[in-house]
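Could you put together the complete structure from these sequences and hints?
Single-letter residue listing:
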Amino acid sequence: MDYQLHPFGDNGIMIELGTTISLDIQKKVRAVASFLDQNRFEWMIEYIPAFTTVTVLYDMGHHELVKDGHYPYDKACEKLREGMAGLLLEETQDPRVVEIPVCYGGELGPDLDFVASHNGLSIEEVVRIHKTTTYNVHMIGFAPGFPYMGGMSEKIAAPRKETPRLTIPAGSVGIAGNQTGIYSIETPGGWQIIGRSPIQLFRPFNNPPSLLQAGDLVTFKEITYQEYIDWEDRDDKNH
Amino acid sequence: MIKIIKPGLLTTVQDLGRYGLQKYGVIASGAMDQLAHRIANLLVGNEENKSALEITLIGPVIEFTENTLISLAGGNLSPKINGVPVDLWRPILVRKGSKLSFGPCKTGCRAYLAVAGSYQVTTVMGSDSTYIRAGIGGFLGRPLKAGDVLNMERMTSCSKRIFQQLSNEIGERDYIEATWKVDPMITACYIDKKPIRVIVGRQYHWFTEESKQAFFREEFMVSSQSDRMGYRLNGCHLALSTDKEMVSEAVSFGTIQVPAEGNPIVLMADRQTTGGYPKIAQISSVDLPVIAQAKPGDKLQFRLISVEESQLKYLEREEQIKQLRLGISLLHR
Chain A
1 MDYQLHPFGD NGIMIELGTT ISLDIQKKVR AVASFLDQNR FEWMIEYIPA FTTVTVLYDM
61 GHHELVKDGH YPYDKACEKL REGMAGLLLE ETQDPRVVEI PVCYGGELGP DLDFVASHNG
121 LSIEEVVRIH KTTTYNVHMI GFAPGFPYMG GMSEKIAAPR KETPRLTIPA GSVGIAGNQT
181 GIYSIETPGG WQIIGRSPIQ LFRPFNNPPS LLQAGDLVTF KEITYQEYID WEDRDDKNH
Chain B
1 MIKIIKPGLL TTVQDLGRYG LQKYGVIASG AMDQLAHRIA NLLVGNEENK SALEITLIGP
61 VIEFTENTLI SLAGGNLSPK INGVPVDLWR PILVRKGSKL SFGPCKTGCR AYLAVAGSYQ
121 VTTVMGSDST YIRAGIGGFL GRPLKAGDVL NMERMTSCSK RIFQQLSNEI GERDYIEATW
181 KVDPMITACY IDKKPIRVIV GRQYHWFTEE SKQAFFREEF MVSSQSDRMG YRLNGCHLAL
241 STDKEMVSEA VSFGTIQVPA EGNPIVLMAD RQTTGGYPKI AQISSVDLPV IAQAKPGDKL
301 QFRLISVEES QLKYLEREEQ IKQLRLGISL LHR
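Line order of the protein sequences matches chains A and B.
Each residue of the first sequence is one higher than the one before, counting from 1 in this note's numbering.
Each residue of the second sequence is one higher than the one before, counting from 1 in this note's numbering.
Derived DEER-like restraints, expressed as beta-carbon distance ranges:
(1) B:I170 to A:R81: 54 to 64 angstroms
(2) A:K161 to B:G20: 27 to 37 angstroms
(3) B:E245 to A:T163: 21 to 31 angstroms
(4) B:F216 to A:E82: 32 to 42 angstroms
(5) B:V149 to A:E154: 55 to 65 angstroms
(6) A:K27 to B:M1: 51 to 61 angstroms
(7) B:M1 to A:E154: 56 to 66 angstroms
(8) A:T132 to B:Q213: 51 to 61 angstroms
(9) A:K131 to B:Q213: 46 to 56 angstroms
What the hints contain is simulated information worked out from the structure, not anything from laboratory work.
Predicted, not measured: the structure shown is a model, and the values here were computed from it.
We put the CB at the ideal spot given by N, CA and C, even for glycine.
Here it is as structure tokens:
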């Protein structure tokens with residue numbers, strides 16, 4: 001596998017696997033992440049995967065990195081290279097498909113009208129296009145459990161709001177450019193909100209605490225307002 | 001236990017952070033000034049990663065409902081016990097019923113209050129840090145309020161020894177300070193006004209020559225839009241020499257990123273896990289405590305060092321802390 005190592009501050013190594021967002025590079029990112037999960041280096045604090053990079057944060061003072069008068073960065077790079085030497089891009093198991101229920105429009109999706117009129121479509125058409133697409137989770141970031149998803153139709157793309165909303169409820173499904181995402185916790189944000197899911201994406205008392213993971217496939221299933229209200233798994237703390 | 005009479009501006013329970021879950025987007029949180037946090041814990045015989053209170057700008061009023069071994073470290077927010085000024089960077093035994101209060105910020109803006117045994121809170125995702133936005137961790141997932149009561153965990157044998165020795169000496173007084181304190185070598189970084197050391201960021205070369213030079217020449221002011229997530233800095237505008245599109249990647253404690261409008265943002269303890277703005281620099285770990293104590297209106301300058309120098313300085317600091325830890329464990333044998 002081709003990669004480059006770069007220093008990331010004084011306690012990190014960025015493993016660069018490419019420069020553009022693609023499924024091929026995402027597969028490499030996942031291979032490196034799973035390598036790091038299986039070969040936990042004692043000196044590694046954790047790693048942060050993104051679209052084209054995996055960043056390893058390490059303990060500069062760890063005895064394995066400070067011996068023989070080497071700089072910790074050089075030693076950590078050496079150990080990473082050794083470990084990754086045999087790393088193959090084998091086909092891992094089929095990706096998980098996660099179905100997310102969404103109630104579109106109304107008070108739960110205040111920007112659905114805007115997305116429709118912006119694209120010269122009816123509300124029904126926007127919903128139909130949004131819910132009949134399968135999305136790919138490229139990475140989790142920005143907020144706990146927040147999925148960056150690719151694969152949305154250009155037909156329902158819409159710019160971010162000029163002024164972000166101060167609070168967006170957890171579960172809100174939004175569009176920004178040609179990305180779609182789901183707000184995992186209540187936070188300020190500028191995405192156009194087209195609906196809301198009763199599903200909890202961030203589960204602080206579960207392991208892992210995120211419902212979705214990079215590599216998952218996501219589909220949306222339309223539910224009614226009543227079904228949304230009656231959903232058993234609702235996270236009432238966030239409402 | 002301790003009782004919060006007044007909460008102050010922002011008083012939260014923190015440890016050294018929630019690590020291992022940033023891959024799921026869970027922010028690290030933790031003490032802003034990790035050096036002061038660690039030392040506060042060491043001074044009362046706790047392990048370094050135990051919970052302590054992070055006190056910001058305007059301090060709380062706290063009542064001790066039992067004899068308690070405490071320490072204060074970090075910013076000097078003019079701490080007083082029953083109205084009498086007390087010192088930072090040394091253990092203090094406080095008599096039951098006494099009140100701790102604070103005054104103006106003399107240096108820095110964040111003080112750490114550790115108690116022997118540390119605070120009893122529910123550990124969430126492996127950490128006792130308060131993650132305010134998600135409402136979890138620390139004390140009920142929120143900053144402290146008037147009326148809150150915090151219990152303590154059991155003391156370590158080291159804490160008990162310090163407690164016992166000071167108990168023998170307290171007599172009729174409201175409190176007694178230990179006669180020893182942290183070596184000023186370690187705490188000098190809070191007093192010396194030196195430029196903050198940084199390493200080049202991943203997109204440093206994306207900036208114009210003029211911006212790169214200005215970054216190290218000019219002063220930047222910490223703006224009022226600064227909090228535990230990040231500090232917005234005001235100064236010269238930094239411009240890119242490329243219109244390359246950046247793909248979001250990891251950020252970390254001390255990352256200095258520059259959004260399109262040109263004012264740098266320093267990411268701090270409650271930073272997000274990934275970011276899409278070009279990074280001009282990264283603050284050297286050894287100087288994170290210095291920026292953690294910077295408050296709105298303070299002026300900062302940056303100085304470039306190599307990764308190697310930065311790592312060397314970090315290892316020197318760790319050696320000093322190791323000596324302190326050893327000293328404390330031997331002192332009260």
